[in-house]
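J.: For the protein sequence lines, the chains are A and B, in the order given. No gaps in the numbering here: position 173 of the first sequence is 173 in the numbering used here, and each next residue is one more. No gaps in the numbering here: position 13 of the second sequence is 13 in the numbering used here, and each next residue is one more.
The set of hints was computed from the structure by calculation and includes no laboratory data. Check before you lean on any hint, since a few could be wrong.
A pair counts as met if it fits within one copy or between any two copies, since identical chains are not told apart.
[Said to hold, decoys possible] Lysine-lysine pairs mimicking DSSO-like chemistry, simulated, CA-CA at most 27 Å apart:
hint, residue 1, residue 2
1, 132, 167
2, 109, 129
3, 167, 129
4, 167, 109
5, 109, 132
2 protein chains.
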Amino acid sequence: MAQERLVAMKTETVSFSVVRRLPRYYRFLSDLHAAEVTRISSRQLAELMGITSSQIRQDLNCFGGFGQQGYGYNVEQLHSAIGRILGLDGLYPTVLIGAGNLGRAIGTKMDFEANGFRLIGAFDQSPEKIGKEMRNLTVQDVATLAAFCREEHPLVAMICLPPDAAKAVCAVLYEGGVRAFWNFSHYNILADYPDAAVENVHLEDSLMTLCYRLTHPTGVPEQDET
Amino acid sequence: MAQERLVAMKTETVSFSVVRRLPRYYRFLSDLHAAEVTRISSRQLAELMGITSSQIRQDLNCFGGFGQQGYGYNVEQLHSAIGRILGLDGLYPTVLIGAGNLGRAIGTKMDFEANGFRLIGAFDQSPEKIGKEMRNLTVQDVATLAAFCREEHPLVAMICLPPDAAKAVCAVLYEGGVRAFWNFSHYNILADYPDAAVENVHLEDSLMTLCYRLTHPTGVPEQDET
């Protein structure tokens, strides 16, 4: 059912750098909306986000544009519109694999529902972790994952495992119909499943970038993200 | 002492998008080196990384270039050179704040030393967490953080806290000489301390990007990272 929905969606081609900025827009607009700001000019939004207002107009024009001359943006409307573009109303059925510290941090801290996902299962291979509670779920034995996929049809998996373990589990998941991966392991999922949707989180890359900033204190012209 | 070292470093200005790619080069070269590959052409490296070989040459030329016509790159030399550019030999003294699931995942899983940092203290405010062991360190009471900074001079802090708690702790850290932050909270550190080096990790942004990929399966032209 979730897959039918995917196929039915409109599919514009938008450059990836624009897509990468959408979550930032959404995040800043969430904060503005929570602070009961009702409208904002592209200049004000640009200042807040540390980018140019022409960048904002250009980005949003990819999706038809939302501002009104002399008024700016309606915060609530723009927030909802970007949420719909991102597909955050999707609630894609999701499993979490690996219930160690990282898996537990991800599983308990993230607001999945607000970000388009619904966690329907958590798995680990360690006897000490199987049977423990996590976010209204009981951690299950990863040996039962194939059967779970056949019955519950998860579409997304969050991989909180070392690379070696990740490869074997991803094979089971893909075979079971999972087509999207939030990957914290260093296993290169796309190399084996080029049609999957993959977001890799390489925490080391961020750490090394911080190291560069420290080592070259005047050598980084801009901070591109906040 | 670490701060003297900072001032003494060469400070080229290199575009931020190039800097962002350096950790990826380093990561791929680490894997090649571990697999005992001694040399690689820019074409082969490009294919492996999913970018163009002219991009690679252009990026590396920012730092003087490393390849030899007809030979390609010496893997070990390029790996070391990029490590030096990133400053990974720095071993900057670092504290970790927040010993919940996320802090514990970060504190126990990451190879800090390989990425330029040396963890010298871990702190939390919760009585259940204070006194627990983490990576050869004992979690200390965050109330003692100011005194710790005066004595041990950490230069970097990893913030694994909710935004409200993060603001107060960052004030103590900045006052205590910390000038670089690896920030997992949503607190906007740069807004209050514009001269700090900050790397924000917004896991939600990555999750929302995955949601976009799922919702627009043919709408994302390229996967820019592996």
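J.: Tell me, please, which holds for residue 109 and residue 132 at an alpha-carbon limit of 27 Å: within, between, both or neither?
T.: both (16 Å within a copy, 21 Å between copies)
J.: One pair to classify: residue 167 and residue 129, alpha carbons no more than 27 Å apart. Within, between, both, or neither?
T.: Within one copy, since 20 Å is at most 27 Å while 34 Å is not.
J.: Is the C-alpha distance from residue 109 to residue 129 at most 27 Å within one copy, between copies, in both cases, or in neither?
T.: both (18 Å within a copy, 17 Å between copies)
J.: Check residue 132 against residue 167 for me: Cα-Cα at most 27 Å, and say if that holds within a copy, between copies, both or neither.
T.: Intra 24 Å, inter 33 Å, cutoff 27 Å: intra-copy only.
J.: Could you place residue 167 and residue 109 in one of the four classes (within, between, both, neither) given a Cα distance threshold of 27 Å?
T.: Close inside one copy (25 Å) and across copies (19 Å); limit 27 Å.
No hint from the list above goes unmet by this structure.
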